[in-house]
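One letter stands for each residue in the lines below.
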Amino acid sequence: MKKLTIPSTTITSSSRRQLLMGSAGALALLALPGCDRSAVKEAATGGTTTGVKTVVLTQSSDFQTGSMMAQNNPNLSIMRAVFNPLTEYDVKTMEPKASLASAWKMSDDQKTLTLDLRTDVLFHNGAKFTSADVLAAIAFMQKDTTPSQTKHNAKIVTAAAPSESQVVLTLAHPVSNIFDWLEMMVIPQKDSYEQMLTGAAFIGTGPFKVDSYKHGQGMSLSANEKYFKGRPKIDKLEIQIVAEASSRVASLKTGASHISMDLPPLDITGLITDSKFVNVIVETWDSAMYVASNVTIAPLDKKEVRQAIAWAVDRDAIVSKVLSGIGLTSSLPWSKSSPAYDEAKGNSYKYNPDKAKQMITAAGVAGQEVKICYVAAQAGFASVAEIVQAGINATGLKATMVPMQPADFFKGLSGEGLPGLFVNGHGFGHLRPATLLKGAFPFNADKNASRYSNDQYKALSNAIWQNTDASKAKALYDEINAHLLDQQFVSDLALGAHTYTISTRVKGLAYTALDYLILDQADLA
Amino acid sequence: MLRYALRRIPSGLLILAVASVVIFLLLRATGGDPAAVKAGSDASPDTIAAIRVALGLDLPLPVQYFRWLTGLFTGDLGYSLVTGAPLASLIGNGLQATFVLTFAASVLAVCMGLVLGIVIAVSSGAGRSVLDGLASMMLAVPTYVSGVLLILVLSVTFNVLPVGGYRPILQDPQIAMQYLAMPALCLALPAAGVLARFLATSMRQVMDEDFVRTGMAKGLSQGRLLMRHVLPNALPPVFTVLGIQIGQMLGGAIVVEAIFAWPGIGSVLANATLARDYYLIQNLLLIAVSVFIVIQIVTDLAHAALDSRVRLEQPSP
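Protein chains in written order, with this note's numbering: chain B, 1414 to 1938; chain R, 12 to 328.
Pulled out of the complex, with its shape left as it was, chain R reads as follows:
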């Protein structure tokens, strides 16, 4: 498994290199001028031109590209072209907040998805229809709507959770978790709905397998059969879906972060894109690509660990 992970590193680096060029060129091709945004709507062309020079935006593209790469390799990410903020702290703080949110949402999604998926799989009749409907609703309701509804119910009406905001988890865990609860739940709901439906479908398929019938014939209790035999065999495809869902949660965090004033990377990326804050966008997108590569490798490894029929590498001849 370790050898598999190590062998994926060169291809991962190649993907990153190609992605860096594509991201750099696409951003330049989209038009817009970060110097004009920095200068404001009343700025004269002279001021904007001076800012462009000061920011190095007048340099040839290859020079700008290699300056960026040099900065990356030397750990000097530079400053935001528009706000002047140091990119290392902007990205560091944002990533920390987004990872905390996504991790909490993933845990919640897995717990809710597992419980709901199993209950749907083993229920029948009207109960199953109701639970199926619930799972469908969870994945169909946009996070914007569920977020506002959660605020209305839990903050405005019952006033048990703060409307929004953020506290670093290590600084004050008790208060931080209360700030985290609503955005994490909001982000987790659609993923939990997807996981529940996939798990229920996968479990029903496994329940039709001969080995389950054999187990029942041997007198295994249905609970044991369900938890020891059906669920483990139903989980691997769900795990693959979970990997995709975590990736989507990272992207979907933009909306949730805006609603709950969660200072994650989503809002940073959205604002940077609107303002064409080139270096900030480039770094963030490159980080996103790296995260997806890692998630993909981890998902493959986990899939193989859960299902012995899956081989990560071709056997040696």
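Pulled out of the complex, with its shape left as it was, chain B reads as follows:
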């Protein structure tokens, strides 16, 4: 049978009109850019009227409103914009400076800290800042359910408020890292914790007050006219959550945003070839990458095997390929600002596959399997895990990759244990050493992710924590470095850094010792 066809040339004018109408409907949305108001122009000004200085920042993840007393990457952009701590380090000298506390005095026995508070500070809701707010913050931070890396560091026995402008802390024993603890503890208004935890309100004393926050979308902030350090030059700050890195890059290129936090290193190197952008590296180098061992699982229970793995990993490849040069190789967790930093010891383990192979053979474990766990969604760690795998396979061990979801990985890390090696990151290598030894779970002497238990290590950690005598500190740091290099339950690989890739229109951007963005003096050209 002959097939019937209806050639397009025979379509009548009426059906053609219908087709055209359909086409017009389909293209109507695309014609919208021709509207008299342009979303592109509005986006470039943060959606505000001309003359209002609006800085737009993009970041990949939503804020963790339950973790305001912890250093938490998604919160880096808002912590110092909304809140202030009692004291704050000068990032160049790492000496504490006054913030909400105007002065402080430690008793001779190093067990009583008296803090004098500023009396001219108002919260964003107009309430006066007093010692009651400090006591509320301390109580909140000490709660079992409050996530904070430094919550147990101060060992506070009592916290008292003799007056509205003074707080007295009594410590169980001297601690070497009290100012790390003070830096971490921001002071929200005492009645606002419930709202803060659900994201309903964030009431601080910082340079910007939160106008609105929509989960998963972002936050709108405006200048705090009564900021105690002086009104910021920027009128508005818009923080947008943009998961896709290529979209954040495009947003910067089109002028729709001015700052992008922690772009992938490859995107950064591409962007800064354009003179309109610069990359601000947060030079605390507070983003270390490590491979650690569950020391209860063979063959990782042998110190020699862990040392061999430390020799087997090509740290230079991690810095050049994973971090695109924005990083430093390291065998120890400390960065330059740490009192425990030792450049020579920090370079103890260099890539030496031959030595690693000899050690594995000598240990009699060649051919045995080791698993490498990592969070699959974190591309950087996945790449590090691949480099670790290549290095280990060259030694004669058989390395198997175990990609995991965050919920499984963190459960294994802190609870039931991970089945071998694990690749992850840690911070605090730039603060007082006790903060890392007591606060970063991979290194915690009492209970850590590696299941590493050692009396000498516990004693050293406690000694470093409780020692406030500068003359004794150096010897303790030498001892802990020697212990970490020898035991290798955590093998540090590289020190990375948080980055803020910014339009050159943004001037005066700074950051705290905890990598929090400071926009007190920032301006938009």
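It is worth saying that the hints were derived from the structure and are not from the lab.
Idealized CB from N, CA, C, for every residue including glycine.
If a hint is listed, it holds; no wrong ones were tucked in.
Among chain R residues calculated to face chain B with C-beta under 10 Å, some are: (1) G51; (2) S91; (3) S166; (4) N282.
Here the structure of chain B is known, so what remains is to put chain R in place on it, guided by the hints.
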């Protein structure tokens, strides 16, 4: 038709009840711990244990299940286990954004699919091959690729549409539509390609039917024949495909939402799944099941409305 829709309600509720149990148990069986995610990588086991208790994750599973159901029936969805955000606002805002995106994408897909499908059906030779190829490309190119390409062309190169973002449609329609245009187009392209190919095939089959030949013999114009007789008879199977495509668009919105920073339910669900945010995932999946049940019923009703040969119910004896 109304009786048909009403009679589907009990079976729909039964499906929802079974789905709630399956979703609840499967999530618990997948492992992971939302308390560990909430606490962060440096948290001590003591802190995580305290958070587990505070979140009620230490309670027996039946208790957790009935707590969830009670919350659903009383309208108290609770809070995200990981972020602490109220679930009602998280889900409400996300659903609103996703439905706007999916609706706009569906309209675009239907318009583009209809036009392209009809043109393919009536064209011949090289023209048909080119248009067929175009439809194939639309459905073959992943939304991730088409999304990035759209941004490069329309935002970075010509700067006529914003890279990404969202404005509520009722708040500022003119600006909101500009934010919506690119993600909707990106999401619509594969569905339009599928609809076009199905429609073209269906129309060609109808064109071979005797009644079309009779119409031509009676002297009907070819345009009238096409639009009044061929197209209506070719549409019903395409409508069924459209129902499936809308469902797929709801799922595929995850990628598009991530690329265009569209704050829909897709990104909420993806993040919740990675973090094992149990109650958030449970509620979202239950909503998804409900939506699919409704889409299925609506598709059946529409199919019956378009094609009188289709009966929704068996005739009474």
